[in-house]
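Undergrad: Chains as they are written, first to last, in our numbering: chain A, 65 to 572; chain X, 339 to 572.
Please keep in mind that the hints were generated in silico from the structure rather than gathered at the bench.
The structure presented is a predicted model; accordingly, all values stated were derived computationally and were not measured.
Ideal Cβ placement from N, Cα and C applies to all residues, glycine included.
Heads up, a few of these hints could be off.
Claimed, not checked - One-sided excerpt, in silico: chain X residues whose CB lies under 8 Å from chain A:
hint	residue
1	F354
2	A387
3	F389
4	L392
5	P409
6	E410
7	V414
8	S415
9	L416
10	F424
11	E425
12	N426
13	V487
14	Y552
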Amino acid sequence: MSYFFLGPALVFLGVLFLVPMVNLLLLGFQGFHHSIFQDTYLVYVIQFTYWQAFVSASLSVLVGFLFAFLIKEWNVFGGKILWKCGLLCSSLPSIIVALGILGSWGKQTTLFGWKGLLLGHVFLNFAIPLRLIGNALSDRERTSELTAQSLGMSRWGVFCNITISSIRPSLVSSWILAFLYSSTSLFIVLFLGGGPRFTTLEVALYEAVKLNLDNGRAIQIALLQAGVGAFLFFFYLKLQKKTNLESDRVDIQFFAPRRAWMKGLGGLCLWGLSFMCLGFPLVSIFVEGLGDWSFLDGAELLEAGLTTFAIATSVVVLSISILYPYLHYLYQVKPQGETSGWIWLIAIPQFFSSLVVALALSVFFPLVREVSWLSYLAVVSTQTLFVIPLIQFPLREGFLRMSKERNWIAQSLGASGWQRWLWVELPFMKRSLFLSALIGFGFSMGEVISILLFSPPGIKTLAMGIFQAMSRYRFQEARATTVVLLVVMISLFGIAGYLEDRDESSAR
Amino acid sequence: MNQVLVENLLVNRAGFHLNLERLGIESGEVLGVMGQSGSGKSTLLQALAGFVPLVSGTIKVFGNEISQLSPEKRKVSLVFQKPWLFENQTVLENIAFGLKLQGLSKKEFQKTAEEWLRKMEIEELKDRRAWEISGGQAQRVALARAMAVHFPLLLLDEPFSALDSPLKKGLRKLVKQLVRDSGFCSVLVSHDWRDIEEVCHKVLILSEGKGLAYGTVHEVRQNTNPLVRAICED
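Please put together the full structure from these sequences, using the hints given.
TA: As structure tokens, this is what we get:
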């Protein structure tokens, strides 16, 4: 029985991720020390990659913490809007962020280099700490803070000694994720790095694969990336085991400002920072993009739109049909016991860069770069590997709300497996499924790397169109296409946010 | 005569063993089950309902051996601490859920469901959705849903514990009366001795998967075992 539910996901993950990755690692180990560490430029690139990732992650956590604290503890005006805007930023394709920064702050040539990288990475990653730390602040146990204050400890003392330690796991987790994403980002470095002095391993990997066609070097760089990814994955996993504490919630805003003007000032600073760093780049795309409308070729745009739609639909259908039975088994069928190991198994791909995963796939199945329909299949499969870890959250929440007991009651009343699924589970999971489909759609629409690597002949998606236009310095065309993509993505995100709100209110 | 008879029951659940020699429930009677956390109360209910397989033993309900049947074929209905209503359905549809599965016509199941709405005094909620009613009302719907199918064995897993005192009192009385009138056999798991005193005829006290005391409410109340006394007085 369990094979029927778990089988598709395990076969998919094994054949398209684990086996190709192991193969890549084995190939990469051959002569690893000789080539990588003897190339002084590459050694410099390695150092720069992890240095910039360290600074980017630290800055992202700092900004995310500031946002989370002011929104959750100070309850600043428009906090909910800022919370949602933050999440929108993290779901935007990095190529759009690069274009936005280029079109706004990028007009000052001093931006290129490390400043551009940091700005781009903070833009994309600050929402991770915002969400993790924000949730940790909301869910933390506050009675010990109240007790400490009643015993004479100052608010600052309570913050440093109790609050920080209670949200520490979320601080470290979000730092790890931000570090990982900053060290494997491609387009931010490619377009905002400004040259070989500010390049990273991901760009070196891209150059080796696409420009120099040097698979040997690419594999060795990928091995290094994968090693760091695997190390961070296990560290992150270890951290998660320590955070499964449940506490009684006391709804008090413990650190609320004592004076109204402080709250106003906090809100103003937050809105100012948001507009300068996040709003300005996005607004500039819209303002300039709408003026560049004439640069678009209608027929090409339609074709790109249809291709994007077709790939995104395939990715959504494939990810849901693989993940749904998997989670159904874990939450509705499996006898009581530990499920987190199974959950982490399907989340592994997100700890590796999509370029590394795509490279592993193309090395293990060389035909995917030669046969057209296999190239499409590889694009859909690679995107699915990354969509599954994203959509597991809404689906898991749906299954947890549905609960095994509800299924048991239906079963005890005489409902067969199919009747329970059709009459009880499916109506219950409808919203989670829709939300998952929106997230999958959003991700697939903005994804470029797998399409870039497998390059099915003649393929052009909206995001790929932006990349090609930017690479040829046709920024007007890139901006106009971005407006189209942005409108679709913001609409999708708006619906997803609305559904999330409804989920929260029905859970209450 | 015992209409529900459990003999030599052995359950192994992830290393935890539930071992009971003999339990009997007569028609219209409620058996109370008490014990500390982890003593096997919920495991017993899940074994009776078929969600946990037996290592050995028999479960006879009105003469039929059901231990080898799948849960949907056992005719054993369940009520939990939380009502777990089907949220996409109205109150009436929730109550009619099991009746539809029994193959009743629309007219028949609507009539029966409306009768149960009357018995539970929640007629005015008929067309409301699950999220539009209070916790106490939802628990009444859950009870009606489990009883409307008229299965011979009704399992109640702490159904009153999340309710406030006046509601609890009303529901205890209602459950006792409905079980007696309909001739079901019922098992009630609870942590509250008042539930047992007011609803049950017999009591089983469990400790670490074994029966520590079994008898009428009065007999168990007189038991001198310190652990039994502690559980009853808790």
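Undergrad: So, for every hint listed, does it hold in this structure?
TA: Against the structure, the hints:
A least Cβ separation of about 11 Å between F354/X and chain A goes past the 8 Å threshold, and the interface hint is therefore violated. Annotation: interface hint on A387/X holds; nearest CB of chain A at approximately 6 Å, less than 8 Å. Given hint, F389/X at the interface with chain A, holds; its Cβ is 6 Å from that chain's nearest Cβ, closer than 8 Å. With a cut of 8 Å, the hint placing L392/X at the interface with chain A is violated, because the nearest CB-to-CB distance is about 14 Å.
Annotation: P409/X was flagged as interfacial toward chain A, and the flag holds, the nearest CB pair being 5 Å apart, inside 8 Å. Interface hint status for E410/X: upheld, as the beta-carbon distance to the closest one in chain A is roughly 5 Å, under 8 Å. Because the beta carbon of V414/X sits about 6 Å from the nearest beta carbon in chain A, less than 8 Å, this interface hint is met. Taking 8 Å as the C-beta contact cut-off toward chain A, the hint placing S415/X at the interface holds, the least distance being around 5 Å.
Nearest Cβ of chain A to the Cβ of L416/X: about 5 Å, under the 8 Å cut. The hint holds. Interface restraint check for F424/X: the shortest CB-CB distance to chain A comes to about 5 Å, inside 8 Å, so the restraint holds. The interface hint given for E425/X is met, as the beta carbon of that residue sits about 6 Å from the closest beta carbon of chain A, less than 8 Å. Residue-level restraint check for N426/X holds (minimum Cβ-Cβ distance to chain A is 4 Å; threshold 8 Å).
Given hint, V487/X at the interface with chain A, holds; its Cβ is 6 Å from that chain's nearest Cβ, closer than 8 Å. Given hint, Y552/X at the interface with chain A, is violated; its Cβ is 25 Å from that chain's nearest Cβ, farther than 8 Å.
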